[in-house]
Amino acid sequence: MTAETLVLLALGVPFLGGLSVLFSGPGSANVRDGLTVITSIILFCIVWQLIQIVDAGGRPTVTLLQMIPGLSLTLSLEPLGMIFAGVASFLWIVTSFYAFGYMRGHHEANQTRFFFCFAIAIMSALGIAFSGNMLTLFVFYEVLTISTFPLVTHSGTDEARRAGRVYLGILLGTSVTFLLTAMIWTYVEAGTLDFQKGGILEGNAPAGVIAILFGLYIYGIGKAALMPFHRWLPAAMVAPTPVSALLHAVAVVKAGVFSVVKVSVFIFGLDTLRDTGASTWLAYVAAITILLSSIIAMRQDNLKARLAYSTISQLSYVVLGAMLASNIGAMGSTMHIVMHAFGKITLFFCAGAIIVFAHKTEISDMHGLGRKMPVTFFCFFVASLSIIGLPPLGGVWSKWYIALAAAETDQIIFIAVLMISSLLNIAYLMPLVLYGYFGKEKPADTHSHGDDHSHHHAPPNHSMLKHLTFGRPGIAEAPIMCLAPIVLTTIGCFALFFYADRIRLFLTPVFGG
Amino acid sequence: MTFLSLNMSVLAVIVPLMAAPICVLLRHSGLAWAWATAIAGITFVLSIGLLQHIMANGTLVYEMGGWDGPWGIVYHIDEVSALVVMIVAAIAAVVMPYAKLSIEREIPKERHYLVYCMFLLCMAGLIGMAVTGDAFNLFVFLEVSSLSSYVLISLGNDRRALTASLRYLIIGTLGATFYVIGLGMIYMMTGSLNMTDLATSLPEVQDTQTIHVAFAFVIIGFGLKLALFPLHIWLPNAYTYAPSAVTAFLAATATKVAVYAMLRLIYTVFGDVNPFETYGLRGVMIALALLGMFAGSLLAIFQTNVKRLLAYSSIAQVGYMVLGISIGNAIALEGGIIHMFNHALMKGGLFMAMGCVFYMVGSTDLKDMAGMGKRMPLTAAAFVIGGFALVGTPLTVGFISKFYLVQGALAEGWWPIAFMIMFASLLAVIYVWRVVEVMYFQKPADGDLSYNEAPIAMLIPTYVLIGAAVYFGTDATLTSEISLNAAQTLLGGSK
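Going down the list, the protein sequences come from chains A and B.
So the first sequence is numbered by the working numbering: it starts at 1 and just counts up by one.
So the second sequence is numbered by the working numbering: it starts at 1 and just counts up by one.
Keep in mind the hints are simulated off the structure, nothing from the lab.
A hint or two may mislead.
[As the list claims (entries may be wrong)] Covered by chain A, per the in silico footprint, the following chain B stretches (three or more residues, Cβ under 8 Å):
no., segment
1, 311-319
2, 389-397
[What the hints assert, rightly or not] Taking CB as the label site, the calculated pair distances span:
no., chain 1, residue 1, chain 2, residue 2, range
3, B, G467, A, G191, 26 to 34 Å
4, A, D194, B, Y471, 53 to 61 Å
5, B, P377, A, I412, 36 to 44 Å
6, B, P203, A, G191, 33 to 41 Å
7, A, E4, B, Q488, 53 to 61 Å
8, A, H359, B, I460, 44 to 52 Å
9, B, A287, A, D55, 16 to 24 Å
[Claimed, not checked] Far from chain A, some chain B residues (derived; all Cβ distances over 12 Å):
no., residue
10, I22
11, R27
12, Y279
13, F302
14, V361
15, T477
16, T479
Note that beta-carbon positions come from the ideal geometry of N, C-alpha and C, so glycine has one too.
Modelling step: build the complete structure from the supplied sequences, incorporating the hints.
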């Protein structure tokens, strides 16, 4: 099988998988879940093959269709995109297992539509990762927005509908007004939209135009959640937790920051950015976003909302790394896409397990819960350490490289920002763990069941959906279908500490040694 | 050159024109429909042949009765004309099969033959406007199409259709009269009615007061017909209360042909005068186009009837076309022209989707759209896709149009206009989304969510247009080539 066929398959498999889920009918939940899992595993195998090919120096390119003369939908693989594709497709497998347990445990309706949209969203994320020019990236970016809308509004309540409006309004609004304009403007100036190493704008446009264009791109990519266009992410938290976990901690937001890095490196070129200073003010915006959203996160009592603001803050690490306009910084950014993905998905998985199997959504209600769900809370603890950036966990490396870039470019203030942010991370992530293990359990009241979870008390009758007790009294851990993915991603956080250098080597063709 | 390719230009007008009275003779509803459908199909085939011929061989000049211009009436067909003829014929060929059920539901049986007769007449008039190279002949065909469309609109089953039709009659006649007054003055100054002839003789008298006034008259005349803001007031009611099939056809074609006529006046008849510069027309037109884009979209947001909402959206979309014409470089003009085609596809498809709803529910009020996502999933999906095209989402035709328009504005360095185009698309998101939300999130008052889809005979034509709106959005090589050629021909004439 040629590399080009594999590229097409990588987009085709989730699409066909989604279709087969759609047509397998609502009656056969097992068939549907089986299909999703099988699709995700096949997809990861394909992506893994492609990663090998790219690592060996291959750059397969496929033109999907010629839209108008000079503009085409083209897929072209390079290491940066493969990192994102690898993370998204690997975590999809894990999430499929998790969603299987979560959605049934939660008795969600319309699960077929859910899994279909999910598959399409993954396909678009891969399309973004593989895109060979800005137009392709834009097209898949919009498909991703639209395919995730039904997931955000899944419950169909008024609250979900309002959140859906914010979600669509900000993401479509920024992408149409800023990103599309920037894209067409680039085409007018450069005569092409192809991603090229070193950028396509240097020498083709005056410095002033480059600065304006860069601002338009960075704010046009609303999925990167740079303030003040971050509101959609907390709003999207009304979605079921697997969506929040994979899409709003990995696929969608990472598609955003990935696009930021991609545009910085392949449309503008880091050298051009440094010479024109187009990115300097955005580095400060990113720094402000990092600090402000961490502070907002501290004030959130709802666990998912707190994690959402934490994500906004962490996304700006990636943006900051790119805005420093140095190779090391951009590499740190790319690495942070991986590191944060594993850390944050673990946190969301834990949050989901707590919501479904302990029926708690507010942090203040979770006192003492760690004694009941020790494994979940331990995983939460480890993933938090990775987010904070402590060894021996993956998160330390990306932070290290970004700080190194700040030092290299003589912008010491950003090192201070990173350090303060780490402290803030501790302040908003650790209390949950501390109170969970050592806090005094509150007397049970109806309030603690959240708004709409109280009727979900019927115990799931599937053997894999039973609470794990490990044969001990007082322990009611999430069932194995939820717990196994949590443990797996936690191990991932740990393993990444040791494999970070392999990622750096893989990225060498883009960022140099 | 064979007989057919030589006469294709005139056949595209003659066939529907001659066929129309036969509908009256046939009387029987089904027969008249079959006849009109067949004629629409034949005209469509002819129009495709004509377009291919023009693309291969360039401009075609046909002299009526062998009298050559400027004395005889001349048909002058270049890429733009051929494209517009093709749009009209294609939409007619798709709407006719759809019309049967829709018209049976909305119009008393004894008047069916009238509908089909007027439909063919209107089509002949519109095609005639596109092919003629004679300025007075343009007026004749304008009246043929207008009068028949007044009748078509008045046949709507809502009593308000009558006042809507009357209002359109008054304003439309004003427009046509303005045009004739202006044309009279031009004739007085130049002694000619042939467009190419006028193009050479007008520059000599371009600075006379008479020609100034004449120009104002003809532009305002067609400004009324194409519903250029603020001359649009006839349009919303006319589109809302006309029978569904009629709305679909008129919305997709009538304003486009008026835009074409204005294009012809500015770029061919007054081409060497360059009215954008000499008369300072550009600023006015761009301002009105932008105003129309925003006012139309804003008004659309507040409508409670979906047909009316789409009508206001049409006013906005006409703004895009006029904007493309007035920016004046080849890329923007290409955008304006391609948007005529693209908008015909999407708006035709959207109005047909609404026709399907009206067929099943008997209303197009927004509140009656509740639960359509479950009750009529295919129709609702068609509306969503068409809505995406209106917004200008990539992989739909709307994206292609906007791509060229914005590129054209930026090429002139007019980035505020580029941003305004984008902001106006955002307004489109809002009005499309209002409908989508009601269709997918609201439960109907009676709670009935059972599957109740429109008949397949109506769905297929709807999906033909919606499908085309997606197809030509993913592969626009053909349409962009045609419109680029058209734009270059038009600009070549003005240099």
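**Violated constraints from the hint list, given by number and in increasing order** = 1, 4, 5, 7, 9, 15, 16
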